[in-house]
Amino acid sequence: MYWNQEMECMPRPQLADLELRRLKETVFRAYTFVPAYREKMDAAGIKPYDIQKLEDLAHLPFTTKQDLRDAYPFGLFAVPMSEVVRIHSSSGTTGKPTVVGYTQKDLFTWSEMMARALTCAGATRHSIVQNAYGYGLFTGGLGVHYGAERIGASVIPSSGGNTKRQVMLMQDFGSTILTCTPSYALYMYEVMQEMGVRPSDLRLKAGIFGAEPWTENMRREIESKLGIAAYDIYGLSEIIGPGVAMECELRNGLHVFEDHFLPEIINPETGEVLPPGEHGELVITTLTKEALPMLRYRTRDLTSLDVSPCPCGRTHVRMKKVLGRSDDMIIIRGVNVFPSMVESVLLNVAGVEPHYLLVVDRVGSLDELEVRVEVSEKVFSDEVRKLEELNRQIRKELEGALGVAVKVRLVEPKSIERSEGKARRVIDNRKM
Amino acid sequence: MVKQISVFLENKAGRLASVTRTLGDAGINIRALSIADTSDFGILRLIVSDPDRAYAILKEAGFAVSETEVIAVSVPDTPGGLAAILEVMAEAGINIEYLYAFIGTRAENALVIFKVEDPQRAVKFFGERGISFLRAEEVYAL
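In the order they appear, the protein sequences are chains A and B. Residue numbering for the first sequence is 74 to 505, as defined by my numbering. Residue numbering for the second sequence is -14 to 127, as defined by my numbering.
Just chain A, same shape as in the assembly (with noise of 0.2 angstroms):
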């Protein structure tokens, strides 16, 4: 089942054209409305008629959340605020976050990606979403609300929390479909267990989990658990947000929806584009996006691309599901976590910059962050009551910045291991 057959199964010859004349489009319209585009190509050399073939994207330079962060907040916006219908915003960053903005056909464009994904999983006009990602400035609540409804299927915007209310909703209307992380859906399940509400009495069919890396192992425990077929969504807000890419009923690898989003795989260290099938960090160039076009954008998920044909039809190249980061971002109930904006707060609160370690565990089925800092000559006192209050203080503007909930541990100096000098700066026990 297809939602949009002629762009999802096009022949590839044909997909390859029109990559080609939707990026050039794209180049020239980032280079000519986007000062901070046109310095950096201007710097690397490159003008929009430089891009002759789709080979030719390998010139351009990367872009990167630093890029965004230094154009806060609409600095990459290639359209007047005039244009702009819809304003989103990434989770905790250091700071400032990165502000991400929509046309009208953006958002067009958007709900057509996620009412294939949806598809995908199965959805039809006759479907009952129950949507129980974020609303709010996070994308994936909207993103997958906009798709649902434009399939014709019924929206339940139950958002996140409030997990008996969702298990109740989900009993009383009917819901086929779940739309949530995956470390939710579990934690659900254990809210049914204490409702004593089964899921086999549920006429849920299907789930629809991203925001979160999650392993196959976890997808075998909500399938067996929900009794569902748990498909793995990706999506990142700098590109549009969930629906970038979505598994088909075989979930081997998730399509790429290519006539939108053209992905490289390159080596994270040399920046070399790598061939097909290799193993390295996923590039997107968004070929449509009007409000807020990426050029060569680096996700930092670690990731490679199938090319060969996929049995569903769809003719669009399949990523492996991400497991990894290029870079140290943990992902924490969908929250983006980086170790450098823990080191900041901590050079704000203690006025030195300490050792630290990220240890995240899953507890049950959520997920809990404790940070655990070496205290040092300068931030020590006697007193239990001072030491006490600097943990409050510590904790409290990390969970302002970083938007989770976190332990604070006051270890002692030197205890937090360094291989080569270098401090490892997190563990995750999740068992990815």
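Among the hints, a few may not be true.
Here are the in silico distance ranges between beta carbons for each label pair [what the hints assert, rightly or not]:
| no. | chain 1 | residue 1 | chain 2 | residue 2 | range |
| --- | --- | --- | --- | --- | --- |
| 1 | A | 502 | B | -3 | 13 to 21 angstroms |
| 2 | A | 344 | B | -3 | 41 to 49 angstroms |
| 3 | B | -3 | A | 273 | 41 to 49 angstroms |
| 4 | A | 263 | B | 87 | 48 to 56 angstroms |
| 5 | A | 420 | B | 121 | 34 to 42 angstroms |
With a cut-off of at most 16 angstroms between alpha-carbon atoms, the simulated EDC-like pairs for lysine to aspartate or glutamate come out as follows [as the list claims (entries may be wrong)]:
| no. | chain 1 | residue 1 | chain 2 | residue 2 |
| --- | --- | --- | --- | --- |
| 6 | A | 459 | B | 22 |
| 7 | A | 487 | B | -5 |
| 8 | B | -12 | A | 456 |
| 9 | A | 459 | B | 102 |
| 10 | A | 459 | B | 82 |
| 11 | A | 451 | B | 82 |
| 12 | B | -3 | A | 485 |
| 13 | A | 487 | B | 45 |
| 14 | A | 459 | B | 62 |
| 15 | B | 109 | B | 54 |
| 16 | B | 44 | A | 450 |
| 17 | A | 480 | B | 82 |
| 18 | B | 44 | A | 485 |
No wet-lab data here; the hints were simulated from the structure. Built from N, CA and C at the ideal position, the CB exists for glycine as well.
Please build the complex by placing chain B on the supplied structure of chain A, with the hints as guidance.
Positioned in the frame of chain A, the structure of chain B alone reads:
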């Protein structure tokens, strides 16, 4: 003023042993100690024979350590001895951050280590009230 050495300790087996061994190996004698603890960490407070050297050695060994000025008051080792002193301190508004006591080798008196908000003022007050406190050298040499 008496110098107290404070050391940050994680709530883990062997940490206290490690500090005391480090001091012992350096020939530093512990005169008094107290530990303030929470569920995650503890603060070890020490009165030692040579605080400056103890500070340097512990720092060298990688501990988070600080020196704090405290007052060692000689308290009559009789019922109500400590209460009498605490009462006059309360009247005078001298705030105590913490205190710990030990019975030294000096006959009838116990020693109480006070950490107060304003040590200079406290010392002056004790002098005026005739409350005997010990000079640093006396404490280190106990």
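Which numbered hints does this structure break?
-> 11, 14 and 17
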